[in-house]
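Novice: Numbering (the working numbering), first residue to last: 11 to 696.
There's no promise every hint is true.
Stated by the list, open to error - No farther apart than 30 Å at their CA atoms in a straight line, the calculated lysine-lysine pairs in the DSS-like style are these:
| hint | residue 1 | residue 2 |
| --- | --- | --- |
| 1 | Lys456 | Lys477 |
| 2 | Lys508 | Lys480 |
| 3 | Lys456 | Lys308 |
| 4 | Lys65 | Lys547 |
| 5 | Lys249 | Lys218 |
| 6 | Lys525 | Lys249 |
None of these hints come from the bench; they were simulated from the model.
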Amino acid sequence: MVFFFAFVAAVLSMLIWPVRAVYRFIQVRRLGIKPQVDRVVILGLDGLDPKRAQKLMDQGKLPHFQALAGQGSFSNLATTYPAISPVAWSTFATGVNPGKHAIFDFLMPDRKTYLPVLSSTHIGKMDRVLKLGRWRIPLGRPEIRLLRKSVPFWKILGDHWIFSHVLRVPITFPPEKFYGAELSAMCVPDLKGSQGTFTFYTTAAGDKKHTGGVEIKLERHGNGFCAYIPGPENSLTEKQEELRIPFTLARNGKISRKDAKVQRRKGIGAVQLGRQEGKNSGFDLKLPDRTLHLEVGKFSGWVPLCFKAGLGIKVRGIAQFRLLRTEPEVELYLSPVHLDPESPAMPISHPSIYSMVLAKLQGPYATLGLAEDTWGLNERVLDEDAFLEMTYTHHAERETMFFHALRRTRQGACVCVFDATDRIQHMFHRYEEAAHPANAGKDTKKHKQVIEDLYVRMDDLVGRVMKEMKKRDVLLVVSDHGFASFARGVNLNSWLWKNGYLACQDGKGSGEYFKEVDWSKTRAYMLGLGGIYLNLKGREAKGIVEPGAEADALRKELAAKLQKLPDDKRGAIAINDAFLGPDVFHGPYRDQGPDLVIGYNLGYRASWEGVLGVVNDVVFDDNEKSWSGDHCVDPRLVPGVIFSNRKIEARDPGLIDLAPTVLRLFDVPIPQHMDGKPLFEVDREG
């Protein structure tokens with residue numbers, strides 16, 4: 011049925027295209043617009059670093075980047091304060107600073123509870139229900155709201171009848187309505203509603219906790235093991251039990267009668283092992299509706315999953331399995347369960363059928379905002395080979411949909427952001443820094459060329475895009491920030507506690523999420539990656555700092571003490587600078603942002619514990635996770651990059667300039683609220 015509707019939509023699109031083209035021509039003429047280009051193509055390569063790009067170009071390893079720079083320009087691209095992807099890409103889209111679009115970090119504090127909440131999206135609960143016995147029938151739909159403010163440039167283009175394809179640009183969930191097509195990206199949740207939760211199955215004893223995932227023990231029954239796939243909560247029942255799908259794993263695809271009884275009794279599956287175990291043994295994984303063959307060390311490909319809630323309601327997702335090993339213990343990995351693009355449980359595209367059409371054209375694809383499972387590698391459930399395979403599989407999916415959109419864009423904008431450049435640099439930086447703490451106990455040689463290979467692969471992508479360009483097309487290759495090392499973490503909550511700005515109830519510190527913090531005596535706290543918040547009276551529920559002169563003085567006092575903060579163990583400066591919120595944020599939402607943006611020095615970042623509100627005696631610690639590179643430092647140290655097939659006329663280009671630049675190229679008036687400037691001198695003679 012989905013295919014039928016997708017086919018009909020495609021046919022209708024072709025049939026009405028001439029009518030749409032004529033209507034658009036009339037509307038554009040009526041508005042007096044004289045576009046100087048046919049297409050603006052923006053290739054976003056998240057985290058592409060200008061210094062590394064320059065180095066590799068000098069070595070002759072990036073010929074297409076070099077050719078593009080020769081046609082037009084290559085320059086640093088100023089990023090945002092802070093230099094964090096959701097902030098930066100929101101500024102890219104809207105042409106305004108964070109004080110006008112209200113995205114300041116991945117996480118923001120709930121001012122009533124001080125708990126972290128997602129900064130970009132609000133997903134509400136279903137309040138109105140009809141109760142029928144054990145069932146709760148929803149009356150309506152839960153509210154899903156994009157929290158980013160201001161207007162993206164593609165919406166403004168659409169208001170002037172200029173069509174845009176917008177693929178996987180961060181902070182576009184849920185998608186907004188406009189004259190164009192959009193597939194959402196960063197902050198699209200998995201089917202459980204999280205930002206990505208993997209499942210690790212093992213026969214080993216113990217109950218290990220995993221950040222970013224859950225561990226399920228395979229209980230032996232005879233010669234098999236019980237297992238299930240955890241799903242979302244069942245919102246149709248009073249207790250909202252977890253939905254589950256049983257599965258079996260067997261060498262010969264057979265299950266004993268005894269294990270079958272166990273399966274029926276427990277409502278879950280049995281895993282049966284073959285008699286002869288081998289390192290490369292294959293197994294059949296049986297779901298209720300299909301059987302998959304798994305080999306050790308290989309991903310399964312996308313597997314459709316159907317969770318049955320009752321009353322005929324089904325919740326669909328897709329996921330990938332990977333058989334990790336079969337001896338001495340059996341270990342199996344399941345990726346986060348993505349929303350099924352053919353039948354998404356939440357809106358992920360505009361128009362809604364767009365995600366379905368793409369799935370029919372190219373098959374299932376990743377929909378989770380942070381699709382590459384970085385926590386799976388951090389927790390050493392996945393190894394580097396598995397992570398690379400996953401990342402490049404998602405990248406290939408993205409390339410397919412991008413080139414499809416590009417070839418369908420006859421006039422207008424085509425924008426696509428690729429994430430592999432960011433994820434791989436985060437997870438493989440340690441290979442380029444011999445003394446990095448994350449190298450302890452890990453291989454340091456096998457993947458030394460991975461980041462260079464990544465840039466060479468992106469060069470190939472750029473070359474293929476350049477072949478698609480025509481005379482009246484503008485190509486921009488941009489990144490939101492550069493990259494640096496993350497060797498040492500700084501817990502500023504611990505520093506605030508030690509220096510009398512934050513208080514704990516028992517004087518012994520606090521666990522996650524400020525559990526033991528005494529807010530009646532706390533003047534400042536840190537949450538997220540970007541900065542410090544004052545416990546401001548009238549803004550925070552238990553605020554004690556008076557707005558105005560007292561708050562201003564406290565900001566300046568903290569900034570003065572944190573600037574050039576030394577790490578005595580390393581004999582280095584941990585914080586390069588501290589920026590006052592009122593100095594870097596301007597607009598109606600600036601008071602929602604951090605009161606201080608911390609500009610960490612190269613090699614430093616907010617510590618893993620500090621991000622989550624932990625308070626203890628440790629201010630500085632080694633970062634031993636595979637996530638060994640980062641960009642949450644002084645924004646002046648990690649600019650992004652811009653390549654263009656046109657000469658950039660403006661000085662000191664920044665991400666904030668991209669939106670007005672695109673509008674100017676299409677001769678669309680630039681709104682007065684935009685902070686950026688056009689980068690090109692437009693040839694009005696055509």
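Novice: Which numbered hints turn out to be false for this structure?
Specialist: Hint check: 1, 2, 4 fail, others pass.
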